[in-house]
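Number of protein chains: 2
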Amino acid sequence: MVPHLTTALNGPLLALEKRMLDAMPTIEHWFRSQWLEYAAPFYASVDLRNAGFKLAPVDTNLFPGGFNNLNPAFLPLSVQAAMAAIEKICPDARRLLVVPENHTRNTYYLRNVTALTNILRQAGLDVRIGSLSPEVTAPTNLETHDGHSILLEPVQRRGNRLVVDGFDSCAVLLNNDLSGGVPDILQNLEQSLIPPLHAGWATRRKSQHFAAYNKVAGEFAKLLGIDEWLVNPYFETCGEIDFHARTGEDCLAAKVEELLAKIRIKYDEYGVEQEPFVIVKADAGTYGMGIMTVKSPDDVRDLNRKQRNKMSVVKEGLEVSEVIIQEGVYTFENINDAVAEPVVYMIDHFVVGGFYRVHTGRDVDENLNAPGMHFVPLAFDTPCSLPDCAGAPDAAPNRFYAYGVVARLALLAAAVELQENDPAN
Amino acid sequence: MVPHLTTALNGPLLALEKRMLDAMPTIEHWFRSQWLEYAAPFYASVDLRNAGFKLAPVDTNLFPGGFNNLNPAFLPLSVQAAMAAIEKICPDARRLLVVPENHTRNTYYLRNVTALTNILRQAGLDVRIGSLSPEVTAPTNLETHDGHSILLEPVQRRGNRLVVDGFDSCAVLLNNDLSGGVPDILQNLEQSLIPPLHAGWATRRKSQHFAAYNKVAGEFAKLLGIDEWLVNPYFETCGEIDFHARTGEDCLAAKVEELLAKIRIKYDEYGVEQEPFVIVKADAGTYGMGIMTVKSPDDVRDLNRKQRNKMSVVKEGLEVSEVIIQEGVYTFENINDAVAEPVVYMIDHFVVGGFYRVHTGRDVDENLNAPGMHFVPLAFDTPCSLPDCAGAPDAAPNRFYAYGVVARLALLAAAVELQENDPAN
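Protein chains in written order, with this note's numbering: chain A, 1 to 425; chain B, 1 to 425.
Check the hints yourself; a few may be wrong.
Identical chains share a label here; the pair holds if one copy fits it or two copies do between them.
To be verified - Cross-link-like lysine to aspartate or glutamate pairs, in silico, DMTMM-like; alpha carbons within 25 angstroms at most:
id, residue 1, residue 2
1, K310, E37
2, K88, E28
3, K266, E219
4, K88, E37
5, K215, E135
6, K266, E135
7, K222, E87
8, K310, D184
9, K215, D92
10, K295, E236
11, K215, E87
It should be emphasised that the hints constitute simulated quantities derived from the structure, not laboratory data.
Sequences and hints are given; from them, build the entire structure.
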């Protein structure tokens, strides 16, 4: 089942994809050399936007949920990649403690934890799930409502080790993005923490990620002899912003204006007739809260109370004080007339699959990862790693290869970002 | 499509498989530590024999053919493993020259070369095929009779480099087992040769492999607390044997008698009612020539001229002067009443799939890899890497997990063997 994709403006993207396919040995060789220099994160998912004329990452998640949405046929690929990742990061590990998000009532999220721990168990690890949630005070079996149940155990601190009852692991895998800050129980652990604490939203900034992405995309564009903009969305930041006190609004409006002007120049260059837009979102954090589509500087001057409230609080009550203003990339992929956004999953530096977020109630310039959104996960039919070199550029395996390449660019940016922001350096 | 397997004596094997499944984290942890110590060969295939009461490797091929027989659904797994292998062995490689066997008229073998080069191309390498065959004097397109054709180019020596016209690669991948000796054109190359020359049958000895396997199987058996014999066939060697001059026959007969007695003790211990047998085969070489099933020392004393001729010549006229006498392992797997032998494929240390050699005209104690044999390749339905821990021990994914474990034991033995016999050491 290959989803039927319609791409409104397919000229330049076909050219871009064709360029990637032709340069495949060059691209893979370049990635190999990059992975010698930078350590890939243990896992990641990357949200892509495919505008027809442009294919770019818009968000890189270092604590990916949604493993349950991947095509089960590619499970062996995830397992093999997990084996490679474990060998590199903690070859001595026999036991692994997984620390999930505290959403114990979100059965979709619990299914992700089941899928993820299944991958790790198949890779030969003894896995238990240790919850930080204050609600989990004893071993708790939760129903995932897909015929499975999942056992969460309360984590305990024993000296400088994080354990669950009778289970002391060599390493701890975080599937919790630390949006609410780093809890004391995770501080100064002697176990390997994967990914490291500074990958969490308590420390990480999207603008740091996209600054690293600038470097990566620039090198890649040079390698391929293409315009970097075709794979890289512009972005800007302001300093501190307080949406309630309305400080920083002028800076925001000025940056929006500046970005829209830059995008317009590119749209003119490529004959794109859509109206440029930017996305304003929290520089730290996730879950699609605090996100605004902006088409004019006036949009950020005239926020009403409701909009200001929406922008100033993200997950777990963390207040937005820094925002990133990112070039909006239209999504022109449609599945049964619904807007679709590809999400690509990686373990170590291997692409292991992906799915489409399909949303019927949203428009082509809106964020699809929104609270309460009811996306339909549509598993990719191919794992994004194998192009069909004899096929047309718009053949599904080829489109997916391009997705895998751009997703890996974002992954590499995350690797650069984590290395540059490592407090141990 | 999971092949229907019937296993005559399933008691002890179920116990063995169950032991492996229960110990999976221990097994995978142990493999990880072994691969830190020993470099896995680039690729290998292992012939297994499943006797119901015993599951053991009988041959380890370091220049595997038959990639065309793998389930195409697992191609991404091979590609990912090839990427990992390339990163480890030659991260700088962008181009790879593949040197196949000289069987330019064997379309089945050519299909293997197509499948193998496809995997390597999908892994992002620029691949050309350089033939050593004296018949290939110019670029030659050969038909594989499955709708594809394949381009073979004559290899040339340029200084200390092996090239084809206009293509100088960082590394050379041998899919030629050097049964006929190491040709001068391959001597003292400055490029990386994968696998190294001493992996070829000009140097390699099965008895060295199984000596290394004794070490590996012994450690593994200790790890699992099982009788090593359940995964390890006994073997013996004699010195030089000349089947025509009939020298060495006494040694051979004595070793056969000794082995049969040892096997009988084990058969009694496990209540196996079959008659013990041994396989006498060339210690160097492949392709199933020079192989004899022996049930009594008298069998090797009364060889007629035809049998002596058969034993004294293997592939490409290489004369048998050394033999290995190996415990025969009954195959009790049947598919539609035909005898089946599993062959497991690995790239780097990852199991990437396998198939059954199915042979209607052969008996349970005969070698299935015989000249002129018409085996039916039956691709495994699972890639041997994912056990179904909730399923029964004889559930197909679990049987395949055990196959993957035993095949990796043989792979590890090959790694030990290559390291111990490396002329550079």
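How the hints compare with the structure:
1. Taking identical chains as interchangeable, the C-alpha atoms of K310 and E37 are never at most 25 angstroms apart, the minima being 40 angstroms within one chain and 55 angstroms between chains.
2. For the identical chains of this complex, K88 and E28 are neighbours both inside a copy (20 angstroms) and across copies (14 angstroms), given an alpha-carbon limit of 25 angstroms.
3. Taking the shortest alpha-carbon separations for K266 and E219, only the intra-copy value of 20 angstroms comes in at or below 25 angstroms, while the best inter-copy value is 64 angstroms.
4. For the identical chains of this complex, K88 and E37 are neighbours both inside a copy (14 angstroms) and across copies (14 angstroms), given an alpha-carbon limit of 25 angstroms.
5. In this assembly of identical chains, the alpha carbons of K215 and E135 never lie at most 25 angstroms apart, being 43 angstroms within a copy and 51 angstroms across copies at closest.
6. In this assembly of identical chains, K266 and E135 lie within 25 angstroms of each other by CA distance neither inside one copy nor across copies; the values are 51 angstroms within and 57 angstroms between.
7. Taking the shortest Cα distances, K222 and E87 sit within 25 angstroms of each other only across copies (23 angstroms), while inside one copy they are farther apart (33 angstroms).
8. Within a single copy, K310 and D184 get their C-alpha atoms no closer than 29 angstroms, and across copies no closer than 75 angstroms, so neither meets the 25 angstroms cut-off.
9. Within a single copy, K215 and D92 get their C-alpha atoms only as close as 34 angstroms, which misses the 25 angstroms cut-off; across copies the closest is 22 angstroms, which meets it.
10. Proximity of K295 to E236 under the C-alpha cut-off of 25 angstroms is restricted to the intra-copy arrangement: shortest distance 15 angstroms within a copy versus 81 angstroms between copies.
11. In the homo-oligomer, the alpha carbons of K215 and E87 lie at most 25 angstroms apart only across protomers (23 angstroms), although the nearest pairing inside one protomer, at 29 angstroms, exceeds that limit.
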